[in-house]
Structure formats: structure tokens, C-alpha cells
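Chemist: The lines below spell out each chain.
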Amino acid sequence: MARSQSTDPPLDLLGPVQGEVSWFCCGAAWGPCSTTGKGACGTCNSGSLQHAWPNTSDACWAITRPDSCGVSMSRRTCGFSHRTTALCSGTSVVTTIADCGPQTDLFCGERSCCGATCASNRLIDLTPAAYSRIASLSTGLRPCEISVP
Amino acid sequence: MHGIAAPQPYVIALFLLWAALMKLLSRRMRAQAGQTALARLVGAARAVPALRLVAVLELAVAAALLLPPASPLEGTAATVLSAGFLLYLTYGRLAAPASSCGCLGTHARPVNWRGFGRAGLLLAVSVAAIWAGPYPLDATGVVVGLAEAAALLALSAELDRHWLTPLRRLLVRLRRPLAVVAPEKIPLEVSLRLLYLSPAYCSASARLTSDVQDVWDEDGLRFVVYAARERTAVFAVPLSDGDPSAVRVALIQEPALA
Amino acid sequence: MTSRRQLLKSAVLGGGAGVVAATAFGSLGPEAAFAQAAPDVEPGTPDPNFAEGRIRSIKDNTLFVLGSNWVFHRIRVVDGTSLWKLGPVAFDQAKPGDGLYARGVRMPDGVLAAESVWFNIVNVKGHIQNITSEKVHLDHNGKQILCHLVAGKSVAVYSDAPPSADLSQLRVGQHVQVLGAWRPDTNEVDIATVFSPH
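Chains as they are written, first to last, in my numbering: chain V, 1240 to 1388; chain W, 804 to 1061; chain H, 1352 to 1549.
Just chain V, same shape as in the assembly (with noise of 0.2 Å):
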């Protein structure tokens, strides 16, 4: 029988969590994101400071799956904050839950390093405007830290 959620506690009710954070599109905007819409809490845009989390609803975390790469995460619905920190850099911010991503189950074990400092796996997708404050948008994925602000 199928579990619709893993049984380990999710990693990040016990602190910080590490792992890779890219970018996304949404809301009518333009080139593939003409059609994206306003994601899954229906008020993402890419100019606003969003992001989409792997579980914040059973439909999406069957989609996401994180608990494939042996990640789990805890439940957390639209409008709820989270701190992303990039890593060596030190910069971060705080952004709220629009959306439902990434894919982590379709990228597991994948790494990304920043100096000497490496994560594993997708664990958080930004909107344009969170990305490029922690980060260049020509960077793609950069690792990150995780934390409630």
C-alpha cells in the first residue's frame, strides 16, 4: 500500500536544511511563461518575493516526492515564509509560498557546490525577483540553506 507521506520526522522541523534552489517563471508573463498562471496558490508572479515548496499539499507532494531522495519535508501550505540563504555568500531572503515545486524526485542526488560548500538536491524553487537577489539568474541552481525567518 502506497504512504501518502514518508514516517521519518521532515528534516526541516529539526533546524536548518540544506539542498539546491533554482528559478522559476509564473504569472502571464512572457516567452514559455506565457501560459504558466499563477501557480498552484493562485498569486505568483515573478516580480514578487515567492517561492514554490515540494510539499504543500498531498497532490503535491505526490508530484514532488522529495522522500525518493530520501528527503523529507514538512507540510507547509500557501503564505507561509521561509528564509533562503545562499551558501558562502552568506545573502538571503525571505519569501512565501506560491507554488508547488520542484521536482526534487526527478533530480535526486544531484549537487551543487559554491566554494568549498556543496548540497544536494532540489529542495526549493525562487521567482525571478527572490532568485537575483541572492544570486545572478545566469547562475540556474546554486546551493542554499533553508530556514524558517
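Hints are computed from structural coordinates only; laboratory data are not their basis.
Treat each hint with caution, since some may be false.
What the hints assert, rightly or not - Here are the in silico distance ranges between beta carbons for each label pair: (1) D1022/W x A1464/H: 18 to 24 Å; (2) R972/W x T1356/V: 32 to 38 Å; (3) G1329/V x T1413/H: 30 to 36 Å; (4) R849/W x S1331/V: 42 to 48 Å; (5) D1443/H x S1313/V: 46 to 52 Å; (6) A866/W x S1320/V: 54 to 60 Å; (7) S1273/V x R917/W: 22 to 28 Å; (8) S1048/W x P1459/H: 41 to 47 Å; (9) N915/W x V1456/H: 16 to 22 Å; (10) P875/W x W1421/H: 53 to 59 Å.
Don't be surprised by glycine CBs; every beta carbon is placed ideally from N, CA and C.
With chain V fixed as given, assemble chains W and H onto it according to the hints.
Modeler: Relative to the frame of chain V, chains W and H by itself:
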């Protein structure tokens, strides 16, 4: 005419059997039912019972087509089912374009032209089945039936991973379409990824306020320039050496431009 | 070579180091440096120091941009502004119709003084449906995006391995992230970096 009509009941019946069994037996299909256009139509809570009901209808029509006696009513029933299927796809496309069909497989991709093509072909086959009668299959009938079955399978995106993806992988291996002639110039991204690993970048990255302003190569080094508030950060990245600790950095207060 | 480049080159080769010395920042510690940055923006709300949209027109050094929420932006590009279009470019590469994201400092008159502008930058994740000559066909949420390999620019990053200009290890059926430059009004993208989990 009868030669062509004769295999139609078998083609439809096999297809309906496959669809019905997938709906009834695949746990993943039921788990994903909430994201399909069907859920949008009847409500997420009723998606799984609706799926089961459709499966029962498909089984009933498939059984009627396969078992004697043959009657035009069976083809009519199949036509009604196929027309309903086509209408459902159209509804899904209009009302919930990002949702998947939930028809035959567990992929979550939205319905595209192949889905409509398959539904249209099924409808045509169903209409032809009305004239199928109790006529025996001849060689023409078998060929037509096999061709239709092959077309239906080829239009089923759910099956791509069994034949289309392996075929494409084989073609890629043979043709090597992305094989690159060694570029004369090392791509900038190669240097930037090395830069990101360097202690030099780590120590300066919090102060950088822009993306790459300028870049040039000279004497085996790639110079990469960023803004750093009122100053300018310049990195010297070795082009041939892969050691991040060889990267150097300087923060410069540039003289005011005239 | 321009005199600016000569100055920068001699500075890093003559006075550069493996790490930036703490004294290089003068009296500013990290906390003070952040405090100098833009005042904090409420999480979840639009960032006034960020703009996104498509360029409607260009006049002198100002980009007139229409955002996705029908917000109109004026974005001023100065000498220190970094410009990206599949890599660092000069201002003459900006064209009406280009999409963009820009980060900078919002001035009292409403103009955004840009620190960084990225033209047509996209970061799409999807399944590789097919690979044909120098093109990766990506299935992005059910839509096809044609990603072009650009000689001398496109690289593949396979997890934390050093990036490679060799994209031939990508497999049909695998999931990837493509960071690249959208070709306006098409479903085509020029690849800057392909991120593959393995």
C-alpha cells in the same frame, strides 16, 4: 466493404479492454485521478468512482463486441462511447488545458494532437463496426485490423517509453547529433563554474551587485569583471588549470569617469 | 585593449589575492553592508527593485518595458550595469520585443537604475523528448520547447562535475533544466547551460 468492417469490433474491443483494465487495476492511475480532466468534470472526490464507472462501461461494450451474437447495436454503443470520449477530451482541452486525460496511462502530460487523433480514429472504427455483422475475418480484414491497431498504439503517448523513446535513443547513438567539434574558445560558463568553486569568489560574492560586466582573455587567463557597490571586482580565472584555488580577485575603486 | 581593462588587469595581477582581504571593505562589516542595501521588502509582495516584462521601446540609455501585470517600467542602463543575452553583451544588443528581468535600485522618480539586466533569460525544466541535429526537444509541461546548441557557448553541467561543452551524454527521456535565451515570439531557446542530474 464487409472485409474492412469485420475486424473493427475486435480492434475496439481490445482497446476498450486495455483502457478498462488500466483504470481498474493500476493504483497509480487511481492516485493521479485527482489531476485529470475527469476530476475537473465531476469533482476530485468523485474522480476515482467516475473512473471505475467508465471502466465498467468500457468492459461492457468490449464484451458485447467480442461475444456473439453480432449486432449493429454493439457498433452503435461503441460509437456513443467513442463520441463521448472525444467530447471529454475537448472539454478537458478547454476547461483544464494543463490536466492530463487519465484515459489509458499514468503520464501527467496534457492532451495533445495525438490524443485527439486517437479518439478520432476510435470513433471512425466504431462507426465502421456498425456494419461489421457476423462476417468472418479474411486476409484484408486482418491487415486492416492490424494497421488500425498499430495506428492506435502509435497515437498512444502512454506507450512511448516502450518503443518511441528507445527508438529515438538508438537514432541519437547512431547519428550523434550533439557531438561537438572541440571549440576553439572555452565557453564562458566553464570558467564561471570554476570561479564559483573558488575561495576568491566565496570571499567576494556577498559584495557583488551585478552579473558579469565584462570578460576578456589574455595570457592564459580569463578576466571576469563584476560591480561590487561603489567598487569593481575583477577575477583572474586560469583557462587551462582546473584548480579553483588558482583564481585571484581584486576589489578596485575605479577613478571617476569623465 | 581599453584602458579600463588595462587598469583592472594590472590591479588583479599586481594586487589581487586568493581571497579578498577583510580590510578591502574598509569599515564596512557584512551587517553594515547589507543595511546599506535596499530597505526590506515584505515577503510575498512585488519587489520594487526588480522589474520584468518586454521591451516596448529604447530611448538613449532607457528601456521602456511593459510588465506582465500591465505595469510600465523605465529602466536606466549605466556603465556599471551588467547586460546578459546568452552571455555578457553590449547595450546595442537590446531590442524591442525582448523579454527581460532587471534588478537595481528604484529611484524617487520611479526609474529603476539597473545593476543587472537579463534579456530573454529562461530557466525551464522538462523531459528530453528527442535529440536531433544540434537541437534538444524539451517537453515543458506538455509544451514543446526547441533548445538550440550554440557552439562555443552551450555547456552541460552533469551534477557537480566540471561543465562540459560536450552535450552528447544527454539521453532521450531524461529530465533536465535548460538555462538559456528565449528567441522572442517563438518556442525556441538558445542553450547557455543544461543541468543534468547525472
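Chemist: Hint says 32 to 38 Å; check whether the CB-CB distance for R972/W and T1356/V agrees.
Modeler: 36 Å, holds
Chemist: Holds or violated: the 53 to 59 Å window for the beta-carbon distance between P875/W and W1421/H?
Modeler: This hint holds: roughly 58 Å between Cβ atoms.
Chemist: G1329/V and T1413/H, beta-carbon distance inside 30 to 36 Å?
Modeler: 34 Å, holds
Chemist: So the hint says 42 to 48 Å: do the beta-carbon atoms of R849/W and S1331/V match that?
Modeler: Holds, at about 45 Å.
Chemist: 41 to 47 Å was suggested as the range; check whether the CB atoms of S1048/W and P1459/H agree with it.
Modeler: Since the Cβ atoms of S1048/W and P1459/H sit about 45 Å apart, the hinted range of 41 to 47 Å holds.
Chemist: Could you see if the CB distance from S1273/V to R917/W stays within 22 to 28 Å?
Modeler: 23 Å, holds
Chemist: Indicate whether the distance between the beta carbons of N915/W and V1456/H respects the range 16 to 22 Å.
Modeler: 45 Å, violated
Chemist: Kindly confirm whether 54 to 60 Å is satisfied by the beta carbon distance between A866/W and S1320/V.
Modeler: 57 Å, holds
Chemist: Using the C-beta atoms of D1022/W and A1464/H, is the stated range 18 to 24 Å upheld?
Modeler: 35 Å, violated
Chemist: Starting from the range 46 to 52 Å, see whether the pair D1443/H and S1313/V falls in it by beta-carbon distance.
Modeler: 50 Å, holds
The structure fails to meet hints 1 and 9 from the earlier list, while all remaining hints are met.
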